[in-house]
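Protein chains: 2
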Amino acid sequence: MTRPPSDKNLTVAVLGPLGTYTHEAAYQQFGPSVEYLEKTTIKDVFDALSSNADLSVVPQENSIFGSVIETYDVLRGADPGFVRGEVMLRIQHCLLTRQGVKLHDIQTVMSHEQALGQCQRFLKSHLPLATLVKTSSTAAAAKTVVDSPANCAAIASKICVTLFDGLTVQYEGIQNEASNFTRFFIVVKDRKASFPSLLVTELRHALIQVSTQTLPGTGADISQLISSLNLRVVRLDRRPAVTNVPFHDIYLVEVQDAERYKSVLEWTSEVDGAISRIGVLGGNAKLIGLW
Amino acid sequence: MTRPPSDKNLTVAVLGPLGTYTHEAAYQQFGPSVEYLEKTTIKDVFDALSSNADLSVVPQENSIFGSVIETYDVLRGADPGFVRGEVMLRIQHCLLTRQGVKLHDIQTVMSHEQALGQCQRFLKSHLPLATLVKTSSTAAAAKTVVDSPANCAAIASKICVTLFDGLTVQYEGIQNEASNFTRFFIVVKDRKASFPSLLVTELRHALIQVSTQTLPGTGADISQLISSLNLRVVRLDRRPAVTNVPFHDIYLVEVQDAERYKSVLEWTSEVDGAISRIGVLGGNAKLIGLW
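Heads up: the protein sequence lines correspond to chains L and E, in order.
Under full-length UniProt numbering, read the first sequence as residues 1 to 291, first letter to last.
Under full-length UniProt numbering, read the second sequence as residues 1 to 291, first letter to last.
None of these hints come from the bench; they were simulated from the model.
A couple of the hints might just be wrong.
A pair holds if it fits inside one copy or across any two, identical chains being indistinguishable in the list.
With a straight-line cut-off of 30 Å between C-alpha atoms, the simulated DSSO-like cross-links for lysine-lysine are [claimed, not checked]:
| # | residue 1 | residue 2 |
| --- | --- | --- |
| 1 | K43 | K124 |
| 2 | K39 | K192 |
| 3 | K102 | K134 |
| 4 | K192 | K262 |
| 5 | K134 | K39 |
| 6 | K286 | K102 |
| 7 | K189 | K262 |
| 8 | K262 | K134 |
| 9 | K134 | K43 |
| 10 | K286 | K158 |
| 11 | K158 | K43 |
| 12 | K124 | K102 |
| 13 | K102 | K262 |
| 14 | K189 | K286 |
| 15 | K286 | K43 |
| 16 | K158 | K102 |
| 17 | K39 | K189 |
Same shape as in the complex, but just chain L (with noise of 0.2 Å):
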């Protein structure tokens, strides 16, 4: 895929260290010639809009974990960005170890905690004998690998190889459940931000926080103010506003619409038109996304 030139100066911003699968996503979307900025918490990803960022890419949501708390207590607030695209990786663990090293020769396996629990059963029937030691996230062990004897093996992203000199695949796809994804959400400043060229999407999606009045038990409830939208709504998280009202609560709902070929102008006013709907029924109601 040709990028047009203008993509060579942009900067991503996400969750670092560079290395992790939200690098791969990043990766995934924009290749090699866009500059990649790490960060250490979910919320930095977000902040660096404001600095240095035209664009961040956050882990939204995971099809065993589920939702990302830090993720979505961003998107709860007054200021939290907008949502451009998203992007779905295939999570595969992958055993890396130096080049020229034979499986039978490792006998240390490094990786954060989650991924040498995902790749037990590999584990158990490949390197029964290996010591696991925990790192702080799976391009931590892979960088500490290209270090160390040969000996040593992590287990990380394949994005890993092309970061680090010396590197190679051993195995991919190394974890247990063949079937786990993570959904990344790709983030800019806010509605008016430039949109960049190479996002693409078939379908057309909205995000929308949503809120009833804080006086519980008083006007729409929830329910029906997000069936007033009138869109097909796939996700919808809850998180807690944090006002002097205990258990008031912002819903982010994300809506889409199945209809292919809809032209941007027309999803837009179509969600727009949606919003105010909300508005007449007394409730709260703010766009956050459009991809």
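Using the hints provided, position chain E relative to the given structure of chain L.
Chain E only, in chain L's frame:
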């Protein structure tokens, strides 16, 4: 409140160790005449219903931190127990010491990391020189203070004073945020399990598992299914169904009838009718709570 003699024999499983806020919530509801069974994980608290517990008390939601995922991960399952009540607890962190200790004697304050964080302002103004020591739970800190030198204090629930001899409350409500509530569910084994006489709530509630067809994009969407219940929705939570279809979800829908003094029979028949409407639209629905 006089309790019927039958309650004497009740066994109530709680998230342990005894002295935690879950224990305090259960105690607020059931008092001193029942037996409390401490369990290590939320899953274990639910599982106790299949062996020696009549009731289980689990945290459902905190007003600042949101839903308790471990609880919803059981509620989304095939055999989630049956919610028969709720308890709301104001989280009031207390400074506890051995009896006779003065504030200026205190040199060490022990508690769970979160409680220490939530009382930062009090500690800074009243005990700026004290050493802070992290413990595995607030109850563990209180227990330790009993056998420690007199210059040790714990931040914990005041129920610890009734559990561990020789402790006294120095200060009550020392947390930064005045408005910090946790809501708990009272769960029995299944719908047929006998309803304890001491549970009385003013408003009728129900909890319903709802999911769409597994093929995305077909049939009614989740918003249509939920609005077809035609009941007042007060909470909507989403967890992955973890089937072989990635990103297929189970929604936990909590509804409430604002019409006071409706009979249990009327409410039960209204909820059962609502659930059968979901089936007509091609969705799945299962009643997992009624109180």
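These are the hints, each one checked on the structure:
Taking identical chains as interchangeable, the C-alpha atoms of K43 and K124 lie at most 30 Å apart only when they sit on different chains, with a minimum of 27 Å there against 37 Å within one chain. Taking identical chains as interchangeable, the C-alpha atoms of K39 and K192 lie at most 30 Å apart only when both belong to the same chain, with a minimum of 24 Å there against 52 Å between chains. Proximity of K102 to K134 under the C-alpha cut-off of 30 Å is restricted to the intra-copy arrangement: shortest distance 22 Å within a copy versus 45 Å between copies. When the C-alpha separation of K192 and K262 is checked against a cutoff of 30 Å, the pair qualifies only within one copy, where the shortest distance is 21 Å, while the shortest distance between copies is 51 Å.
Both within a single protomer and between protomers do K134 and K39 lie at most 30 Å apart by alpha-carbon distance, with minima of 21 Å and 28 Å respectively. Proximity of K286 to K102 under the C-alpha cut-off of 30 Å is found in neither arrangement, the shortest distances being 56 Å within a copy and 53 Å between copies. Taking identical chains as interchangeable, the C-alpha atoms of K189 and K262 lie at most 30 Å apart only when both belong to the same chain, with a minimum of 25 Å there against 50 Å between chains. For the homomeric pair K262 and K134, neither the shortest alpha-carbon distance inside one copy (48 Å) nor that between copies (56 Å) is at most 30 Å.
Both within a single protomer and between protomers do K134 and K43 lie at most 30 Å apart by alpha-carbon distance, with minima of 25 Å and 26 Å respectively. In the homo-oligomer, the alpha carbons of K286 and K158 never lie at most 30 Å apart, since the shortest distance is 39 Å inside one protomer and 42 Å across protomers. Proximity of K158 and K43 under a CA criterion of 30 Å is satisfied intra-copy only: 26 Å inside one chain copy versus 35 Å between copies. For a Cα distance limit of 30 Å, the shortest separation of K124 from K102 inside one copy, 17 Å, qualifies, whereas the shortest one across copies, 57 Å, does not.
For a Cα distance limit of 30 Å, the shortest separation of K102 from K262 qualifies neither inside one copy, at 53 Å, nor across copies, at 72 Å. For a Cα distance limit of 30 Å, the shortest separation of K189 from K286 inside one copy, 15 Å, qualifies, whereas the shortest one across copies, 41 Å, does not. For the homomeric pair K286 and K43, the shortest alpha-carbon distance inside one copy (20 Å) is at most 30 Å, but the shortest distance between copies (37 Å) is not. In this homomeric assembly, K158 and K102 come within 30 Å of each other (Cα to Cα) only inside a single copy, at 18 Å, whereas the closest approach across copies is 60 Å.
Only within a single protomer do K39 and K189 lie at most 30 Å apart by alpha-carbon distance; the minimum there is 16 Å, versus 46 Å between protomers.
Violation of the numbered hints given earlier is confined to hints 6, 8, 10, 13; the remaining hints are satisfied by the structure.
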